[in-house]
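Let the hints inform the model, and build the full structure from the sequences given.
Residues per chain, in single letters:
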Amino acid sequence: MAKAAKRVAVAKTYKIYIDGKFPRTESGRYFALRDKKGGVIANVCRGSRKDFRNAVVAARKAQPGWEKASAYLRGQILYRIAELLEGRREQFVAELMLQGSTKRAAEKEVDASIDRLIYFAGWADKYQQVFSAVNPVSSSHFNFSVLEPTGVVSILAPESSGLLGLVSNVAPAIVGGNTCVALASESRPLCAVSFAEVLHASDVPAGVVNLLTGFRAELGDQFASHMDVNAVVYCDGDNSTVQKLAADNVKRVVARSRIDWSKDDSQHPYLIRDTQEVKTTWHPIGS
Amino acid sequence: MALQAVKAGQPMPDLSRVSAVDEVGVNERVARFQSRSIKTSSKIEALHLILSMIDLTTLEGQDTPGKVRQLCQKAIHLHDALPGLPQVAAVCVYPTMVSVAKRALEGHDIKVASVATAFPSGMSTLSVKLDDTRMAVEAGADEIDMVISRGAFLAGDYRYVFDEIQAVREACGAAHLKVILETGELGTLDRVRRASVLAMHAGADFIKTSTGKIQPAATMQVTLVMLQAIRDYYVETGRMVGMKPAGGISTSKLAVHYLVMLRETLGNAWMTPEWFRFGASSLANDVLMQLMKQATGVYQSGDYFSKD
Amino acid sequence: MATAENKLAFDGGWEYAAAPESTDHVTIDKRYGLFINGEFVAPEKGRYFDTINPATEKKLSRVADASDIDVARAVAAARSAYRGPWSRMKAAERGKYIYRIARIIQERAREFAAIESMDGGKPIRESRDIDIPLAAAHFFYYAGWADKLDYAFPARKPRSLGVAGQIIPWNFPMLMAAWKIAPALACGNTVVLKPAETTPLTALKLAEVIADAGLPPGVVNIVTGAGKTGAALVEHPDVDKIAFTGSTNVGKIIQRSLAGSSKKYTLELGGKAANIIFADAPIDQAVEGIVNGIFFNQGHVCCAGSRLLVQESVADEVIAKLKERMQTLIVGDPMDKNTDIGAINSPMQLEKIETYLEVGQQEGGEMYQSSCRVPDTGYWCRPTIFTGVSQSNRVVQEEIFGPVLAIQTFRRFDEAISKANNTPYGLSGGVWTDKGSKIFKMTQSLRAGVVWANTFNKFDPASPFGGYKESGVGREGGLHGLDAYLELGA
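Residue numbers (the numbering used here), protein chains in the order written: chain Y, 1 to 287; chain Z, 288 to 595; chain A, 596 to 1085.
Calculated directly from the structure, the hints in this document are not laboratory data. All the given hints hold, so there is nothing to weed out.
For lysine-lysine, the following DSS-like pairs were computed, each having C-alpha atoms within a straight-line distance of at most 27 Å: (1) A:LYS752 / Y:LYS263; (2) A:LYS932 / A:LYS918; (3) A:LYS932 / Z:LYS540; (4) A:LYS932 / Z:LYS330; (5) Y:LYS15 / Y:LYS36; (6) A:LYS743 / Y:LYS126; (7) Z:LYS326 / A:LYS932; (8) A:LYS1053 / A:LYS1014; (9) Z:LYS330 / Z:LYS580; (10) Y:LYS244 / A:LYS823; (11) A:LYS1033 / Y:LYS126; (12) A:LYS1033 / Y:LYS61; (13) A:LYS847 / A:LYS1014; (14) A:LYS823 / A:LYS847; (15) A:LYS743 / A:LYS685; (16) A:LYS932 / Z:LYS580; (17) Y:LYS61 / A:LYS1036; (18) Y:LYS244 / A:LYS859; (19) A:LYS1030 / Y:LYS68; (20) Y:LYS61 / A:LYS1014; (21) A:LYS1036 / Y:LYS126; (22) Y:LYS68 / A:LYS1014; (23) Z:LYS500 / Z:LYS361; (24) Z:LYS594 / Z:LYS330; (25) Z:LYS594 / Z:LYS389; (26) A:LYS847 / Y:LYS244; (27) A:LYS602 / A:LYS918; (28) Y:LYS68 / A:LYS1033; (29) Y:LYS263 / A:LYS859; (30) Z:LYS540 / Z:LYS326; (31) Z:LYS354 / Z:LYS389; (32) Y:LYS21 / Y:LYS61; (33) Y:LYS50 / A:LYS847; (34) Y:LYS68 / A:LYS1036; (35) A:LYS654 / A:LYS932; (36) Y:LYS126 / A:LYS752; (37) A:LYS640 / A:LYS625; (38) A:LYS654 / A:LYS625.
Spelled out as structure tokens, the structure:
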């Protein structure tokens, strides 16, 4: 920051991302993100239940259209996100460093995040082929099983990795045609907001990804209980409350604990499958 | 209810409104009929009914007056060792044999049916077919089994087929008209259904599956589709049309399954020879053997049943 | 189309004489213990309950009521069998045991069918032609997977889970036992199965088969009892996996009670499937599909087509044909080979169904029932349809689990989809149209795990089954059904 001393730096306002827009939290609340010395890095929105509700409404509205987009197009859009992230690589590195990462670690995390997006972009038009089946039933029917997105996915992103953890969980959900509402790492929320700006600038339709900042202790239950959410992806921590609340509408509960997202083997298409439903169709074979 | 003749000059039905038919669904329904278990008194009642519904048939190039007379004797004396048997419904022959059959059956309430209209292929002109029909009627045929022009039907010339049936209907006069669709040549159940609708609207008193000269002949599948067409036509117009599966029904068991299908598709009103016939030659003896077995508890041999 | 005068008559005339299935090949013991560690043992607390024939209300046998102590014994036996022979056995050998089970079920199929119908009330035709052959087929199908699991999940190393606790319902007792046990064993797990309290007998006969097949003791354990026994199994700490088929309410309770544990679970829950008939459908087959959709197994089917959505232009025709078809359905003695609709499984279920019949009428629905005779003893419900009902009616929203169909009409494609999906359930759906492109659009738009196009209520071991939304989690059947019993390591 030394160079910036020549002029007064313009600080960024970190807002949440709902339905393709950047509102402040409707609650007007914030929490201060501080550096090691106690200085304020940013005032971050302390998202509310109502923000979450609005985000789910947006996600639900966007879901059918996103699901109908061709696999090819969804792949292109994920690729586009990666391109834009690459273009803003330095910003993300700087932000991670602000939140306590070393330069080396920050660079590694941003690079891995870009590569992860490319990885999942490539899966867009392939996972269906890997996981689908034509089933040889005994009667005169053509029977096949395909994957379909489960719908709206709420994601409690990993705490320890502000960008890579978020990307690693959002990408497999949306590449499969789901829309999502994610809660950013509480201690490392900045990249999530900047990532929302990248999403916004890419071709991701409004509502497909919604990003909130705030306290997991406050919002976690909402993520698990909302009746119009079809699956909850819960990264790290104790999931007992999540599963209890999720049962109200038999939500799919995907628990991802103690995963080192920087490792190559943390990425695989089974992450996509976690938020997919298997649909089996029967049709007679006759004339 | 007696046969109600359709008025001449009926408009052609709109075949595009005829419901589609799903073959696999038809197969499943047929399998359900076949899974019915018909035992004891139901079976005996059914076997009697089957006998009474048989059109005892000989339709061969080698038919002679002698052969036809023998067949008529069989019709009259199904199996005199078993008392209380019903008579078959009719004897079915070529037009040139009608007068022979008529004489042979004199004094018995057994109808004479004649195939006509350039049976079995139907490949002739309308005037030849009408002459063929009139000749059979004049010789005394009570019932005429005509064939539709499958070539015209498959070529999409439904109007031709419709007009031809109407013309033959007229030529029949008082004789009942059975219209043979030759379903084995129509290829799909959708076409069977359309041809059924066409024939009924053109004035068929009965619709019939097959000539017996083409494989497959009658199947339960095509018969079901035709029965359903008869039902819809009845609901729409109030006119009952009869049904005759012909060819390939040679066992009692199969014939009983047809009766089950008839009962569960059209109900009791059709369960008489007036509205349902089996076109068959060897079925009668199998039914007789079954009846004998029911009466004696002993399985039978063909050597004990007359073959004419 | 249909006019009042041009109706068909189905009563009277030629009728089918009684054709009872013989029972001289059936043996049912007076009393059954619990099948634990390869043998039948008495329950710890010595408690038994009656299992009755719902068609005659007569007692068939007495069955052990397993306490949590018994459940713990069964789990311990399963654990020990898992550690001991089963998880160490060569996969191909494991498969051969499962093949043996399949074969013995085929050999004893008629006996199983008869017992299934006696204990549960379903028509012998269905248990003979559907339940038991399909159960054998499931064992056959999964037997072959035992040594091929590596090929099912690319780039993963599938591992067995351990002890699977399985709880099954009363509507397809033997078939559900097969759905649960076959894939669990093929994947290398051992099993504690709890059959439903009203239909325990075929599972106990299956225990005999498993013993005859020479499976190592403890690989399959069968504990009978009611909800408390099931709860003890769900809550037992040494169970690694819970597979449950039953009501959505109980499914939610199970999902909650497993919270915080590391147990995997699959849930096959309720449904309220829409069966959608378009004007261009093959109407006669569609009517058959409606009948099969709702009256199969007395409507005790989670994926039953309990809501009919019919396009307005053909609604009158379809309903008239349906009513005529209902007149030909034979309701009565499940052991008669000609019975189409058997006994309602229990007096509790009959009461529930009858409550809905009242509710439906109070809500303004017009009720039509076939005029068939029903026996004096036993639990019976005539096939029933409601017309003039709408989305806001309880008979449209709630799972009745009986032979009761709610009929609504629609005009446009999107209206059909919107009504079909307007439910918390998502197990199955049906679409009837002759137009291929419409089928695919419909099947893609229905939020349901199984979609039958121009057919309904078809099942096959190779075909995955399971629901979206509140109809459950996970799939059973097919390759996808393996997932429920494996951990997919990297």
